[in-house]
Amino acid sequence: MTVLATRPPTRPPVIELRGLARTYPGPPPVAALRPTDLVIAAGEYVAVTGPSGSGKSTLLHLLGLLDWPTAGCYLLDGADTSRMRDAERCALRGSRIGFVFQSFHLLPYRTAVENVQLAQLYNQTSRSGRARAAIEALRSVGLGHRLDALPTRLSGGESQRVAIARALVNRPSLLLCDEPTGNLDSANAATIMSLLGELNQAGFTVVVITHDRGVAARAGRTVSIMDGRLSEGGQRAVDYA
Amino acid sequence: MPDPRLAPAPGKSRMSARDASAEAIAGITQRPGRAVLTMLGTVLGVGAFVAVLGLTATSAGQISQQFSVLEQTTVTVQDNGPADDVAPPGVNPAIGFPADADAIADHVGGVTAAGVEWPVSLPTGATFTGSLALSAPSTQSTLLEAASPGAVTAMGLTMVSGAPITSYENDTAQHVALIGATTATELGISPARLADRPAVFVDGVAYTVVGVFSATARGGLSADSMIIPEKTALADFGNPEPGVGNQTEAVMLIATKVGAAKSVAAQIAAAELPTDPSRLVVTSPPSPQNLQSQVTGDLAGLFLVLAAISLLIGAVGIANTTLVAVLERTEEIGLRRALGARPRHIAAQFLSESTALGTLGGLLGTCIGVGVVVIFAATRDWTAILNPAYTLPSPLIGSIVGLLAGTYPALRAARTSPLAALRHF
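Sequences listed follow chains A and B, in order.
Read left to right, the first sequence gives residues 14 to 254 (this note's numbering).
Read left to right, the second sequence gives residues 27 to 451 (this note's numbering).
In short, the hints are calculated from the structure, not lab data.
Virtual Cβ for every residue (Gly too), placed ideally from N, Cα, C.
Hints may contain errors.
[What the hints assert, rightly or not] Computed list of chain B residues with no C-beta within reach of chain A, every gap over 12 Å:
hint	residue
1	L169
2	D197
3	A207
4	K288
5	V398
6	R438
[Stated by the list, open to error] Here are some, though not all, of the chain A residues that point toward chain B, as calculated from beta-carbon distances under 10 Å:
hint	residue
7	G77
8	R98
9	D99
10	A100
11	A104
12	L105
13	S108
14	I110
15	F112
16	L120
17	D191
Sequences and hints are given; from them, build the entire structure.
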């Protein structure tokens with residue numbers, strides 16, 4: 014795996030949360046995320062840790078523009094997403110955010126390269142451009158030799174690398190990883206973590222949501238969440254790991 | 027490694043029609059077995075539609091072809107009589123046709139047989155009695171027709187037994203008769219025993235039965251009639267009496283070669299009556315085609331209703347399968363939403379899939395329908411008739427069925443929350 018040492022130019026924070034909150038209406042109403050301020054600069058590697066029910070998933074959905082906040086605003090690359098229409102948020106999600114899920118979410122009937130190309134289906138990339146970028150992304154995660162393999166023929170580690178290739182094929186501002194090693198054995202988990210590290214080194218902003226101490230320890234910065242409240246530092250993560 | 031330099035701000039997510047089609051085809055080909063089963067209703071519906079229209083057109087074409095062969099080879103010439111058509115009682119007007127009308131007609135190019143005929147006027151209460159049966163049954167319902175040998179040939183009799191009237195029998199005014207099968211039954215005359223020389227007595231005058239017929243191709247004479255030679259009729263009963271009872275003028279019946287009817291019709295009046303051709307009115311029999319198409323139209327309507335029911339079942343099948351697919355592929359919907367798809371892209375994908383399935387079903391059904399019509403026609407040596415105006419757009423029926431059937435599942439898919447779809451992390 015070779016990583017280009019390209020540093021991004023100076024730019025606004027990738028993520029800026031100003032009093033962002035999410036309350037589920039219920040009944041009874043649940044304050045899943047209490048008003049939160051958070052700034053993540055471009056090129057940072059941040060781990061968000063917390064036990065089940067702490068609000069991790071709510072934060073992930075808000076950061077991934079999959080859900081609307083009930084209060085506050087969320088600036089992605091300096092643009093206020095809370096004022097955007099759904100169509101614009103979809104476009105932003107497709108181009109600026111790369112998702113890496115715990116269960117990979119690869120389409121079983123599509124080859125590795127077709128799965129990666131899926132990420133470019135909705136952003137007006139030409140067909141030839143899609144194929145080129147997908148092959149390049151797969152090569153960059155060390156799967157240049159598995160382009161036409163179906164997910165059923167891939168190991169867990171390979172599947173997650175295909176998913177990472179899909180996440181970075183659009184050169185997103187933010188790699189949003191949800192328990193990326195949750196379904197992997199320790200050897201594969203180590204490979205994936207070093208790949209994420211390399212991507213961060215290459216300039217990608219990486220946010221990993223996890224309850225795994227080892228995974229969180231790889232990040233340059235740890236933010237913990239408990240009962241919907243965010244706090245800097247990862248000490249509390251140890252307690253529930 | 028792609029570098030994460032800031033890309034230009036995106037506008038809206040877009041998906042081209044080509045991509046939507048490609049995704050739909052991929053969705054179908056990934057589950058070929060299910061796709062085939064889903065299509066089945068549409069295949070049957072569209073197939074039935076094409077086959078019904080094709081078979082109806084083919085059989086109607088065949089029937090009208092048969093009718094037209096007869097129609098094309100039949101010319102009727104009516105003696106319109108003099109200006110005061112109705113003669114005084116007891117005086118029979120002269121027949122408009124010359125005595126050698128048959129021979130003159132035979133000289134007109136294209137005529138295969140021609141002759142004069144008319145219904146003979148009988149005194150009221152005249153009875154027909156059979157000679158052979160012991161009980162000597164009698165009837166009054168028989169129609170007595172005078173006909174020249176040429177007219178008998180032109181009628182195209184279907185003989186049960188015996189032979190038609192000969193020229194000799196006519197020229198010598200013999201007391202012979204051809205009787206219809208119904209008359210034979212009524213009078214107790216067995217067609218198998220003509221060798222015994224049975225006779226029919228018409229008001230006491232005997233006519234030897236020389237033949238029994240069951241049907242006529244031209245002239246419309248039914249099987250409850252009796253034909254005697256023209257000259258015998260003139261000798262026994264005199265000229266026809268138009269205006270008395272159901273009497274009509276003499277008629278010339280002409281059978282022509284195929285395609286010759288028009289030229290025969292144009293020449294015959296002048297040939298027969300050069301001094302007063304306008305007295306003869308040349309006509310063709312009314313076409314029975316309208317009645318025929320009405321009957322086949324009713325049948326086709328019934329089958330089209332059946333085709334519509336199959337299409338409805340096909341639509342329900344597609345709707346059901348697409349809905350199940352939407353529920354099964356919740357995770358895929360969530361993933362696509364996470365990758366930037368808008369609700370309308372998700373709807374378009376499932377709608378394209380159901381429409382593509384419907385179109386495929388329509389194409390297959392059209393092929394099967396055409397095949398059924400062609401094979402049916404081939405086995406009967408008929409000409410298959412398929413109207414391109416109905417057949418070519420038939421696959422579109424499948425598309426419409428697929429589109430309508432996919433609408434509700436597609437809307438369900440579009441409304442699926444990406445959160446719900448991706449929840450099982």
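> Looking back at the hints listed earlier, which ones does the structure fail to meet?
Replying inline: none
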